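> Heads up: the protein sequence lines correspond to chains A and B, in order.
Quick note on our numbering: the first sequence kicks off at 141 and runs consecutively.
Quick note on our numbering: the second sequence kicks off at 26 and runs consecutively.
It is worth saying that the hints were derived from the structure and are not from the lab.
Any given hint could turn out to be false.
Non-contacting residues of chain B with respect to chain A, defined by C-beta distances greater than 12 angstroms in every case (computed) [unchecked claim]:
hint, residue
1, Ala57
2, Pro133
3, Ser197
4, Phe242
5, Ser266
6, Ile589
Just the calculated beta-carbon pair ranges, DEER-fashion [what the hints assert, rightly or not]:
hint, chain 1, residue 1, chain 2, residue 2, range
7, B, Thr68, A, Pro207, 23 to 33 angstroms
8, B, Asp346, A, Ile193, 37 to 47 angstroms
9, A, Pro175, B, Ala57, 30 to 40 angstroms
All values reported here derive from a predicted model rather than from experimental measurement.
Every residue, glycine too, gets a C-beta built ideally from N, C-alpha and C.
The chain contents come next:
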Amino acid sequence: MQERGISIWFFIGLSLLVNGGLITGSGVWEVLHPPANPVVLFDLHASIWWGAILFVGGIFYCARFAPRRKT
Amino acid sequence: MTLALLAVPTRLAHLTAVDAIIVAFYFALVLAIGFYLRGRAETGEDFFMAGREMTAWIAGLSFMSANMGSLELMGWAALAYRYGILAAHAYWIGAIPAILFLALVMMPFYYISKTHSVPGYLKLRFGEPSRALSAISFGVMTVLMSGINMYSMALVMKVVLGWDIHFSIWVSSIVVAIYVSLGGLRSAIFNEVLQFILVWAGALLIPILGLIEAGGFSNLKRQITHNAGEEYTHLWSTLGSFNSNPMGVHWTGIVFGLGLVISFGYWTTDFLVVQRVMAAKDLRSAKMAPVIGAAFKMMVPLIVTLPGLLALAVLPFKLTDETTAIATGGHSYNEVLPLMLARYCGPGLLGLGITALVAGFMSGMAGNVSAFATVWTYDIYRALIKKDATDHHYVNMGRWCTILGVLISIGTAYMVMSFASIMDYAQALFSFFIAPLFGTVILGMLWKRTTDAGGFWGLLAGTLSSVGMWAWVKVSPAALRYIALSPNARDEAENLYRALWSWIVCIIVTVVVSYMTRPREDHELTGLVYGVTALPREEAVPFYQKPIFWAVVVGTITIGLNIIFW
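In isolation and in its complexed conformation, chain B is listed as follows (with noise of 0.2 angstroms):
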């Protein structure tokens, strides 16, 4: 990606008086909002949690916000022209089935062991070496993230606009740094739902343009089929083999690769979304939250894999691989959504539409940062530098580390751009802790039997049989056809069986080595464990207000979206 943007020698568009000013307007906007909360947020409670008093509406918009950066937009639109519609099993069944686990079993743990953190939550269940195992892993992965995404938000602000680069990551990093430290959690979440709304209201058109362009969606699969390939309209029937398919992937990958194990790991466990779900006001919220998030979710691939597979259709030029475009002086994947937005917007349009791709990335990057100085105040620095500290010093180490965060952010996308290579590996780079992570946290949350030590073990072992895999592959590729299980894999389907293998890793080591040691007692586990804990009732409600039953209406539609694209 990074080469064949940096290659391309004109701008797709250009901004007039009225995009400026609504971008101008967009940035104003943000950081009045940082300035006007910076007075809430004067305790731990407040700065970290957002004084757990959000409603599942603010929680669940924001749970979904932040996890919608730049590369989530981009990249998804970009495997969408790739493999088709494929691309949305990242969120129907990537995303919606773990939301929705999430949701009714997980979150009441969460929610009741009051804990700050996914890595809290682990010295809980299983010591101090698995919190900082986790943490220190999830705090090197979250400025990671959070420079890629940086960097490629800057690549795309310099092909469409021709901003200069340094000019991009320095502004949006500095207004990010100046909201989030003024006024935490509270105020990153707040922004989040505005940047949601946003990215809707600047995305939304494309599809709408797109398909009335195309001449409907039957046409626009007729069109697909007929620049493309027929395999390019279909979600499931082309899975049966690895051959028949764009991705080159099995049907075993995305339902237990993709659907169960990275799914599920980066949903249920990554804190950088489970963060914003904890700050609800009360259980039912905090249920409800992440409903309302995944009802959303099933609608994403209208403002992503839509603008994708319209792509196919309506340009009349081929997007190619990186290095086709720099040799060719053409347009790569990965401008698909940036191309699109610049056919059918004019002016203001195009400014609201790169409005949503700037509040696209600031939510990601805030997301990254807030959940970054969380985790490390309470489970780094407080655990395990300082810890009988003041609540005001804590939330003082917050407001820095918040800067901090963004500054390394800032020096991982200045080594992205002199390595470009990383922009590769980082979606490996992911993978090798959330897997593991997720066997470690579902084991301990639903199997009283398993110890300190299980935990522990577990975790490690899956993280280095991942790392080991990948390297594997890298030093021999032809270790390819045993990992992914075909020798023809692309790097997407790689990574779903690299997770999966991770993933029982972690759940064999951690079952082996719980039976060889000594568990806890069951008073030990209350509020931490199925079956020792009493869960909190819900208040009385009627059944339309219910987390259940919109799980049921959420999950019924997405089994009848699989069906209908089947």
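Chain A with its partners taken away, still in its complex shape (with noise of 0.2 angstroms):
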């Protein structure tokens, strides 16, 4: 869009940054301290990969669209 500001997918990156960096220290937290109660496929450990994933989205948006730079 025709950017005054702050864009929105910069908030978009923070979001992704935050909760990727979340969800992965989560995961891997439980890979060290396995629940009683696991959840189906946690073999997997979804959150490692999918918080990975989200935290590597989220720096991306936040470099390209950090509001220093003009879009």
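Hints given; two lone chains; assemble the complex.
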């Protein structure tokens, strides 16, 4: 869009970055401290790779649409 | 749905600290966006139309997001469990053709007329009475649907997390009221784009993990056939007879009732979604935005229909209707999406999934209240109550009306809490107005002979006939065989046929009255009707940037999907 100020894509990047980081961290914690009642397909460790995908996407959008840049 | 959810004694999942942080961060972010944009909503054009400066992508994602309310996500997942892949008709024939039609045929008229709303278009085309009728019915339906969405979301939060219903209703509503009243439509659109991304990020993992557990799609079909029946896995091949499919519907109901009338009515005339596209920065963006929305709509069955189908295959227990769920202490169809979420998502992912459900609800509600504020301010308040106020006055009215719309929605949610059967009638009530409105708008746009009186009386007759047919079946259930063409038709099938008949009534009355009354001169219809309007030439762009090119791509893939799942 015709940017005046911060792009919506930056906010989205921020959201993906924070959520991805928290989810990956949580997944790693679960690997180190396996839960008593794991979810179905726990062995796939979806938290780690899904969180990592979101985190990388977040980095891209934050860098690409950081407020100092013009689009 | 209501009673069954209330009767469930234990919660499905527990939020950990990480989940709570993810949900809290989401609320903080949407409020931050609202406060950040508050300085960019000073004029009416800014507040109600987001300055008409949205790109095609932002308008398109917002267009889609405003439609993805909590009823949309959880309700259609429940229908997929009940009716199998037939539920995907809501997308592949019940949305894509209509959205593409909106983009290529109708959007130019909405856009170049520079109207603020769909009732505003009716005013230009048919005069004040048609606008008043449409605006009032839209306002009532919008806050009613918003309240029903709100209540269904709060119920799910109670079942999944054990949250207090009043807490869920008030917290989420206040947040929506703050960010929409501060930043107007721009804030609503920005947050809808964020919510759209979160819905996909939170919900897409369910079909991925579900397909892994089921052993791929072929094994999934085999398990569904074993657990429920082969008819649950076919889109079209079981529609030759009313009795050979789980929905009790004939293909004519799907094609004409859903695909032609309800779908075109909703996607081309419901201001809740059309408003997002009207905010586009130019005509090409306004045409491209729905095409982008259609591409994503085509994929929504992945996160809605597929989880319902997966539940048929992998859940170790049967979901039931609400009465049975209450009696047995089990789970009802409507809990299918939260159940699948809790099945696969551990700490962190669960928080993201819950955020996705909350985001879906809030985007739907923000869509409702921002559309309500615009229609109230421009089509009721300015048209009928105070015609000569300043722009600043109308913006303030819009802000207050946003808060008022939220409060009325909350009131509706509490009303639904007391009279649970309202939930069952929601879709029927919605279809009362949508189908006839589509008849009026499409005739007005494509046939210059349509007169002001024809438009008004057609709209009124179509609406009243729809209410009349609904009441007839309520009073005398045997009438179902006439309205839905089958005594075994389910509610969804009845809605499809009733919409079709009311649309036909609207068309007939409009045409007859138009021939009995005097049409407008051609020059009065410029910019409003095909044939007397010179459409502006689009800028010269490569073929891959043209809306028609992507519309053909999306349409072709949609046809392919229908054939694959025939």
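> Could you run down the list of hints and mark each one as holding or not?
So, going through the hints one by one against the coordinates:
Under the 12 angstroms C-beta cut-off, the non-interface status given to Ala57(B) relative to chain A is violated; the minimum distance is some 8 angstroms. Its beta-carbon lying about 21 angstroms from the closest one in chain A, Pro133(B) satisfies the requirement of being farther than 12 angstroms from that chain. With 12 angstroms as the threshold on Cβ separation, the claim that Ser197(B) sits away from chain A holds: the shortest Cβ distance comes to roughly 17 angstroms. Every CB of chain A is more than 12 angstroms from the CB of Phe242(B) (nearest about 17 angstroms), matching its label as outside the interface.
Remark: the non-interface label on Ser266(B) is consistent with the geometry, its nearest Cβ contact in chain A lying 38 angstroms away (cut-off 12 angstroms). Annotated as non-interface, Ile589(B) keeps its C-beta farther than 12 angstroms from every C-beta of chain A; the closest such distance is 26 angstroms. Take Thr68(B) and Pro207(A): their Cβ atoms lie about 24 angstroms apart, and the range 23 to 33 angstroms holds. Between Asp346(B) and Ile193(A) the C-beta distance comes to about 38 angstroms, which sits within the given range of 37 to 47 angstroms.
For Pro175(A) and Ala57(B), the hinted distance range of 30 to 40 angstroms is satisfied, since their beta carbons lie about 33 angstroms from each other.
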